[in-house]
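Participant: Here is how the chains run, residue by residue.
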Amino acid sequence: MIAAPLAQAGEGFVRDRSGDAGSCVARDGVCPDWIADNLDRYVDPLLRHVLLTVVALAIGFAIAFALGLLAHRRRWLVAPIVQVTGILYTIPSLALFFLLLPLTGRGFLTAEIALVSYTLLIIFRNVIAGLDGVPADAVDAARGMGLTDREVLWRVELPLAVPEIAAGLRIAATTTVGLASLAFFAGAGGLGDPLYADLNFKSNVLVAGGLCVLLAIVLDLAVLAGQRVLTPWTRVAR
Amino acid sequence: MTVPPAPAGDRPAAATTPAAELRFEEVVKRYPGADAATIEGLSLTVPAGEILVLVGPSGCGKTTAMRMVNRMIEPTSGRILIAGRPTAEREPAELRREIGYVIQQTGLFPHRTVADNIATVPRLLDWSRDRIAARTTELLDLVGLDATFAGRYPTQLSGGQRQRVGVARALAVDPPLMLMDEPFGAIDPITRDRLQNELLRLQRAQPRTIVFVTHDIDEAIKLGDRVAVMRPGGHLAQYATPAELLLAPADEFVERFVGADRALKRLALGRVRDLPLERPALVRHDDPSAWVRAQLGDAEVPYPLVVDPDGRPVAWLDEDDLAAERVDAAAGSPVAIVSRDDVLRDAFSTVLAHAVQYAAVVDDAGAVVGVLSSDAVARELAPAPAPAEPEPAA
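Chains A and B, in that order, are what the protein sequence lines are. The first sequence begins at 1 in this note's numbering and counts up one residue at a time. The second sequence begins at 1 in this note's numbering and counts up one residue at a time.
For the record, the hints were derived by calculation from the structure and aren't laboratory data. Even for Gly, the Cβ is constructed at its ideal location relative to N, Cα and C. Mixed in with the good hints, there may be bad ones.
To be verified - Each pair of labels, with its calculated beta carbon distance range:
{"#": "1", "chain 1": "A", "residue 1": "86", "chain 2": "B", "residue 2": "18", "range": "56 to 62 Å"}
{"#": "2", "chain 1": "A", "residue 1": "80", "chain 2": "B", "residue 2": "18", "range": "50 to 56 Å"}
{"#": "3", "chain 1": "B", "residue 1": "31", "chain 2": "A", "residue 2": "224", "range": "41 to 47 Å"}
{"#": "4", "chain 1": "A", "residue 1": "206", "chain 2": "B", "residue 2": "186", "range": "58 to 64 Å"}
{"#": "5", "chain 1": "A", "residue 1": "154", "chain 2": "B", "residue 2": "190", "range": "37 to 43 Å"}
{"#": "6", "chain 1": "A", "residue 1": "66", "chain 2": "B", "residue 2": "241", "range": "54 to 60 Å"}
{"#": "7", "chain 1": "A", "residue 1": "62", "chain 2": "B", "residue 2": "186", "range": "38 to 44 Å"}
{"#": "8", "chain 1": "A", "residue 1": "133", "chain 2": "B", "residue 2": "18", "range": "40 to 46 Å"}
{"#": "9", "chain 1": "B", "residue 1": "34", "chain 2": "A", "residue 2": "80", "range": "29 to 35 Å"}
Can you make the complete structure from the sequences, with help from the hints?
Facilitator: Now the structure itself:
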């Protein structure tokens, strides 16, 4: 069986079925009592999930942003970067984990390489789109007033590209939260650990899945809040 | 004891930055692969403190010529000198900070408030916060914007207001040279007229050298101390004062570009005070008609003009109105009123719009100082005697 080397991932989460055969737990149901008693067991996987997601987003953003700046002034780079990151984006995540196993082994690093790969295309495209969307007259005026290329980039182009870049980051954040739930296949833990350990048990699926959704929403709102702080001009009354 | 030197950027600006002379010397711009040059051997000198208007149809290279001044475009050959110094010697960014730059789309930064937009170049030059704040207030006032505009974003302004901010931003460090690329091109005619007048007012208060690009010959004639008419292919067709351009177009292209109504356009150059005014018979409401008729004998205008106690024009009277024993102001015809400072074109148009072909000319207080007749304007339009040809010595 193909998943054999990974099967031990969720072993810690086997529930106690010794109770009454007719009990909620034994019937795989949604059991508030069980959830209340076992919620603390999800804290570590959740924190691990947050770590997987945030580190992947930070590294992915750093790489894609740098590539975006590089390609902004060297337009010929855009097509090859989109192609390469596009290929990374289309490799099924499970396949990527297995491809990486012989190279980087099981664990955090393998998971991060895969997760980062999936953020690159989204963030890169949005950085480029954001910079392309900056009004040409603002850039012309900036240069004409004596701003150097670097000053034009940091004082005019990037601030005006923030809404578009933030939009890319939000999509990447939501996607990464979802993909990180597969990281346990690479032995990297996260909410996938408890989730896949007992997919039949509705209480387990509800808590693990629910925490994933909650995390995605929180990250999305965090990026949105950051964007609003950075772009006061987009909210003025006209 | 010595006073520590002020930080470099904090030296108070000289009261007036001297305007700089601008010189094009055999400037050529040729793009690789293009058959024809964009600019072909452009040579001209703009004396310090004058407005050069580059005018011509689309594709004549006028904007290219302007953008070569601050090295936004590099000439293929030839050189450009500002105050005698070749621009090629300067770092482009450093050079541009000393040259005001205004473009049609305004180029205001949408993410910055009006005050921050104006502070762009002062910040690059490390001015102190206090100095920037003081200068911003001063500039908003100079371009006719209320101080409350400082905190607004460009999207909250009208087109005319945005262009005012654009001009204020270009004036921030008091540059000796300004480049303006169709700055009023996208603005409604009434606001454009007002902004043009304000530019001339600013220029009178503190002359600086301005390169102004437009495709509108009327704007060129109104604003330019000198006008360079360019024809497609980047050739300078004529470089002259507006009056010379209208009186003696260099060739058929200029003549066509200036327009068939160039005689009328000359009216845009003169002002009412430049013409000899005629003396009317000034009368008051309730004056005896017989006395009024006697006054007409001395006057140069055949109709008596009723004025109020402050000397302001009220009505023209004709023979029928004088049939009554005494003058009745309400019976007269409405008076066209022009100011001594109006351009002749506007004044003439006012005269033509009224039944009586005379306009009362008033001073700043509104009191009548004379009368402008359509005949006087027509005499002004009569072809001027050709400039005397230098006669060969007899």
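Participant: The structure should be examined with respect to each hint, and the outcome stated for every one.
Facilitator: Status of the hints after comparison with the structure:
For residue 86 of chain A and residue 18 of chain B, the Cβ-Cβ distance of about 58 Å falls inside the hinted range of 56 to 62 Å, so the restraint holds. As the Cβ distance of residue 80 of chain A to residue 18 of chain B is approximately 53 Å, the hint placing it in 50 to 56 Å holds. Between residue 31 of chain B and residue 224 of chain A the CB atoms are about 46 Å apart, so this pair conforms to the stated range of 41 to 47 Å. Between residue 206 of chain A and residue 186 of chain B the C-beta distance comes to about 59 Å, which sits within the given range of 58 to 64 Å.
For residue 154 of chain A and residue 190 of chain B, the hinted distance range of 37 to 43 Å is satisfied, since their beta carbons lie about 40 Å from each other. Checking the proposed 54 to 60 Å range against residue 66 of chain A and residue 241 of chain B shows it holds: the Cβ atoms sit about 56 Å from each other. Checking the proposed 38 to 44 Å range against residue 62 of chain A and residue 186 of chain B shows it holds: the Cβ atoms sit about 41 Å from each other. At roughly 42 Å, the beta-carbon separation of residue 133 of chain A and residue 18 of chain B lies within the given 40 to 46 Å, and the hint holds.
The given range of 29 to 35 Å is respected by residue 34 of chain B and residue 80 of chain A, whose C-beta atoms sit roughly 30 Å from each other.
Comparing the model with each earlier hint shows no violations; every hint is respected.
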